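Colleague: Single-letter residue listing:
2 protein chains.
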Amino acid sequence: MELFLDNDDQRSLSTQLYDQIREAITDGRLPPGGRLQPSRGVAQGLAIARSTVTDAYARLTAEGYVEGRRGGGSIVVGHASSPPDLSEAPTALAPTAQAAAVRRYGVGLESHPRYDLTAGRVETRLFPLADWRRCTNRALTRLARDFGYYGDPAGSIELRRTLTHWLARSRGIATTADQIVVTHGASHATDVMARVLLRPGDVAAVEEPGYPPITSLLRFLGIEVVGVPVDEHGLVVDALPAAARLVHVTPSHQYPLGVVLSRQRRIALLRWAARRGAAVIEDDYDSEFRYQNRPLEPLHRLDRDGVVIYVGTFSKMLSPALRVGFAVVPPGLVPAITAIRQAVDAGPPPVTTHTLRAFIEEGHLDRHLRRARKVYADRYRTVRAAVASLSDSGFTPLPSQAGLHMTLQTPDTPDDKELNVRSTRHGLQLSSLRRTYQHSPPQAGIVLGFGAIPTPDIPDAIELLASLYR
Amino acid sequence: MELFLDNDDQRSLSTQLYDQIREAITDGRLPPGGRLQPSRGVAQGLAIARSTVTDAYARLTAEGYVEGRRGGGSIVVGHASSPPDLSEAPTALAPTAQAAAVRRYGVGLESHPRYDLTAGRVETRLFPLADWRRCTNRALTRLARDFGYYGDPAGSIELRRTLTHWLARSRGIATTADQIVVTHGASHATDVMARVLLRPGDVAAVEEPGYPPITSLLRFLGIEVVGVPVDEHGLVVDALPAAARLVHVTPSHQYPLGVVLSRQRRIALLRWAARRGAAVIEDDYDSEFRYQNRPLEPLHRLDRDGVVIYVGTFSKMLSPALRVGFAVVPPGLVPAITAIRQAVDAGPPPVTTHTLRAFIEEGHLDRHLRRARKVYADRYRTVRAAVASLSDSGFTPLPSQAGLHMTLQTPDTPDDKELNVRSTRHGLQLSSLRRTYQHSPPQAGIVLGFGAIPTPDIPDAIELLASLYR
Chain A
1 MELFLDNDDQ RSLSTQLYDQ IREAITDGRL PPGGRLQPSR GVAQGLAIAR
51 STVTDAYARL TAEGYVEGRR GGGSIVVGHA SSPPDLSEAP TALAPTAQAA
101 AVRRYGVGLE SHPRYDLTAG RVETRLFPLA DWRRCTNRAL TRLARDFGYY
151 GDPAGSIELR RTLTHWLARS RGIATTADQI VVTHGASHAT DVMARVLLRP
201 GDVAAVEEPG YPPITSLLRF LGIEVVGVPV DEHGLVVDAL PAAARLVHVT
251 PSHQYPLGVV LSRQRRIALL RWAARRGAAV IEDDYDSEFR YQNRPLEPLH
301 RLDRDGVVIY VGTFSKMLSP ALRVGFAVVP PGLVPAITAI RQAVDAGPPP
351 VTTHTLRAFI EEGHLDRHLR RARKVYADRY RTVRAAVASL SDSGFTPLPS
401 QAGLHMTLQT PDTPDDKELN VRSTRHGLQL SSLRRTYQHS PPQAGIVLGF
451 GAIPTPDIPD AIELLASLYR
Chain B
471 MELFLDNDDQ RSLSTQLYDQ IREAITDGRL PPGGRLQPSR GVAQGLAIAR
521 STVTDAYARL TAEGYVEGRR GGGSIVVGHA SSPPDLSEAP TALAPTAQAA
571 AVRRYGVGLE SHPRYDLTAG RVETRLFPLA DWRRCTNRAL TRLARDFGYY
621 GDPAGSIELR RTLTHWLARS RGIATTADQI VVTHGASHAT DVMARVLLRP
671 GDVAAVEEPG YPPITSLLRF LGIEVVGVPV DEHGLVVDAL PAAARLVHVT
721 PSHQYPLGVV LSRQRRIALL RWAARRGAAV IEDDYDSEFR YQNRPLEPLH
771 RLDRDGVVIY VGTFSKMLSP ALRVGFAVVP PGLVPAITAI RQAVDAGPPP
821 VTTHTLRAFI EEGHLDRHLR RARKVYADRY RTVRAAVASL SDSGFTPLPS
871 QAGLHMTLQT PDTPDDKELN VRSTRHGLQL SSLRRTYQHS PPQAGIVLGF
921 GAIPTPDIPD AIELLASLYR
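Chains as they are written, first to last, in the numbering used here: chain A, 1 to 470; chain B, 471 to 940.
For the record, the hints were derived by calculation from the structure and aren't laboratory data. Keep in mind that a hint or two might mislead.
Partner residues are not named here, just some residues of chain B that face chain A (Cβ under 10 Å, in silico) [unchecked claim]:
(1) 568
(2) 642
(3) 762
(4) 788
Each pair of labels, with its calculated beta carbon distance range [as the list claims (entries may be wrong)]:
(5) A/137 - B/747: 47 to 53 Å
(6) A/100 - B/761: 40 to 46 Å
(7) B/573 - A/51: 51 to 57 Å
(8) B/761 - A/15: 25 to 31 Å
(9) B/836 - A/94: 33 to 39 Å
(10) B/851 - A/15: 30 to 36 Å
(11) A/41 - B/604: 28 to 34 Å
(12) A/41 - B/573: 44 to 50 Å
On a predicted model such as this, the values are computed, not experimentally measured, just so you know. We put the CB at the ideal spot given by N, CA and C, even for glycine.
Sequences and hints are given; from them, build the entire structure.
Modeller: Here you go:
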């Protein structure tokens with residue numbers, strides 16, 4: 001335990017020691033049975049007379065906080081209590097109304113249900129732990145001479161070079177390492193871009209229904225968020241608010257509806273943005289898993305006006321526990337982005353960027369994706385078949401040809417609260433479609449994630465799901 | 471290379487393939503010497519007739535982009551060029567004026583000078599790599615069942631519990647795991663707190679001179695930042711602007727001046743904040759290294775009104791490359807903080823939090839700090855002696871009893887630009903005091919970091935530094 005002394009304090013040095021040790025005993029930092037530091041050592045450490053310390057110890061002993069032991073030493077006998085709760089103090093800090101209004105989206109790590117149909121999870125058992133471990137150990141060795149330094153605020157240049165090659169191969173995107181910024185995930189990339197491109201009070205457009213954390217993070221920046229409807233061709237470009245300075249879209253596989261933004265809409269969106277001087281954030285969060293063979297080109301490839309920011313993440317491809325994503329940005333934004341990353345979080349952890357770089361360069365990512373595609377394609381087909389086999393369920397699966405979730409329209413009842421009670425009772429965990437509506441009346445449905453559920457469990461889980469509506 | 475086809479495209483399928491491959495050749499994604507995928511495989515992958523592919527390949531061959539090889543296969547012969555530069559497009563995205571005005575503070579990893587007196591760096595060779603590696607490998611094994619999930623937005627509960635014990639021991643701070651939020655460093659903790667506590671247009675007070683990234687990140691949030699002078703007792707509490715809703719201070723070892731916030735000022739600051747309903751962020755960024763034995767109590771310990779947020783970091787204690795810090799927050803703010811972390815970055819990487827937890831629990835942190843304190847105490851004494859031995863240098867070292875830097879007042883000339891030219895010529899890297907003034911006329915000086923320079927090099931480095939002013 002660290003002891004503090006202050007010559008300007010009006011209490012004697014001995015009383016200061018006494019007060020601090022007594023406080024540590026009563027608030028539990030010094031638990032019963034613990035041993036006080038020998039008085040000689042304390043006196044030396046603080047450069048004070050030993051008697052100052054023994055006086056304090058004697059007083060603690062006299063008052064029953066500690067007991068002397070034969071052979072020397074003092075043992076704590078006082079009882080622990082909790083630290084003082086200051087949250088009821090009239091001066092206690094409170095969040096802004098804006099901050100207080102934000103709710104968490106989805107469930108946390110803590111929950112491991114019998115049947116997990118939560119959206120946003122991936123198969124733990126697919127994670128190539130042995131390969132990742134080898135790459136981590138190599139990264140630590142490589143970093144040995146750099147632990148005294150901050151890393152690159154945009155992420156290590158080696159990883160950014162690797163990502164340019166990987167993006168060219170996997171998504172047909174031509175870019176340079178200078179234009180890549182490594183982030184803590186796709187949402188974080190959007191947060192950084194919004195700070196660089198928008199001012200408080202500016203308007204941003206998001207998909208409705210959409211991914212609630214995007215709306216939350218924009219609102220935390222003081223940005224006005226407008227929800228724009230999504231139909232069977234994706235975002236309704238004609239419904240974009242004229243004032244929007246930024247549009248966030250998920251063109252490959254809309255979250256949550258699963259629709260692909262059509263070619264016509266892609267071109268219309270890019271024209272709209274170029275005309276207005278607005279930015280388009282293309283969040284390609286789960287483009288790696290496709291169950292049909294004709295993907296459309298990313299918006300980034302169609303962009304002739306420099307309005308698109310392409311955002312990707314390794315959360316679905318590999319693991320959400322890694323916390324790595326990236327943005328491909330226009331060159332004119334790079335200095336501001338670098339400055340903000342340096343000021344706020346000093347960039348991604350170098351151990352992670354070096355590990356990921358080795359993992360991609362050595363071919364582990366490609367191998368993992370080949371394996372994962374097979375597993376998820378199997379689950380996708382199994383979910384479709386299981387839903388189709390239900391008779392009279394009232395479920396309508398929305399068309400979905402990619403990613404790790406499929407959305408079902410369901411009857412209106414039970415409501416989310418009752419559904420939650422019933423599903424929890426049966427060990428089933430779900431994501432409601434209603435939660436993805438932030439700006440308009442919610443529609444009943446299930447965002448059915450099949451990333452985490454073993455294929456053989458799917459028929460039972462879907463049957464159980466249907467039973468909740470009977 | 472990924473190929474895209476679109477039935478709604480007005481071009482034929484063959485032309486779509488031709489256009490994409492030609493574009494990949496001209497922009498360098500398909501380098502000369504590369505081999506096109508066999509037409510049969512492409513046709514199968516896209517579920518189209520093989521002749522559609524061979525037609526496209528024939529056209530590319532006819533136009534000289536590829537060459538057929540004996541035994542089959544087509545080899546790229548076209549020349550690479552850079553991806554199109556859209557930054558000059560009239561529609562190209564630009565940062566806001568606010569974002570464009572922010573400059574990077576300090577230098578990056580890339581620079582490894584002969585003599586490194588940069589502030590903010592620590593000794594690479596002290597990093598306990600073997601211990602950290604063992605803890606990392608154990609953390610990866612522990613995480614094996616959780617790679618499919620997001621972690622806790624506030625950081626793993628196990629690390630937060632460990633931090634409560636460690637804070638009690640090392641800083642006398644009594645808190646609970648629920649009140650701890652693990653961040654990407656001290657600045658990031660301030661960023662999160664500002665988002666939860668302030669709205670755009672609100673006023674925040676920072677120390678002047680101070681740490682420029684704090685001013686930058688607050689301004690990125692639309693917050694008005696006021697610099698408050700620092701004298702020999704620390705922050706001048708009487709000079710705080712009445713409108714300030716948040717005050718950022720470095721009480722243990724002011725950055726950059728090195729002064730300790732006096733006990734009277736601490737009490738005055740807490741009273742001021744409680745009266746105004748303002749928050750105090752206590753940034754204890756390098757409190758672990760102290761060369762005198764009587765530290766003052768943290769503001770957090772003196773707080774009876776719930777106005778203090780205590781912020782710590784492992785950047786100085788261990789390594790800035792780890793990107794881990796934390797905040798101790800009032801309970802009333804926890805839900806909003808958790809929601810914002812979930813929305814923006816989904817929390818710190820679980821591998822890092824599990825590793826750090828094992829590292830602390832197994833006693834490696836305490837052992838490392840004991841070693842590091844000896845090394846840095848030695849450097850501190852060597853710097854003092856070297857500066858004192860200079861005759862007529864015009865240098866005045868400011869009193870400093872802690873941390874990894876000491877500030878020197880210097881003559882006004884040369885100016886920073888000329889100083890930079892001269893120091894670079896001699897392989898000396900420095901941090902200027904002038905850069906730490908953001909709100910008032912800058913004073914000439916050097917923020918002399920001794921974290922990264924080997925002790926035997928210090929006398930030569932200081933002598934060299936003095937020579938730059940002659």
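Colleague: The structure should be examined with respect to each hint, and the outcome stated for every one.
Modeller: Going down the list of hints, with the structure as the test:
1. 568: With Cβ-Cβ at 7 Å, under 10 Å, it holds.
2. 642: Since the shortest Cβ distance to chain A is 6 Å, the answer is holds.
3. 762: Nearest chain A Cβ about 9 Å off; hint holds.
4. 788: Nearest chain A Cβ about 8 Å off; hint holds.
5. A/137 - B/747: 47 to 53 Å: 50 Å, holds
6. A/100 - B/761: 40 to 46 Å: Roughly 44 Å apart at Cβ, these two residues keep to the hinted range, so it holds.
7. B/573 - A/51: 51 to 57 Å: Roughly 56 Å apart at Cβ, these two residues keep to the hinted range, so it holds.
8. B/761 - A/15: 25 to 31 Å: 26 Å, holds
9. B/836 - A/94: 33 to 39 Å: Holds, at about 37 Å.
10. B/851 - A/15: 30 to 36 Å: 33 Å, holds
11. A/41 - B/604: 28 to 34 Å: This hint holds: roughly 30 Å between Cβ atoms.
12. A/41 - B/573: 44 to 50 Å: The hint (44 to 50 Å, Cβ to Cβ) holds, given that residue 41 of chain A and residue 573 of chain B are roughly 48 Å apart.
Of the numbered hints given earlier, the model fails none.
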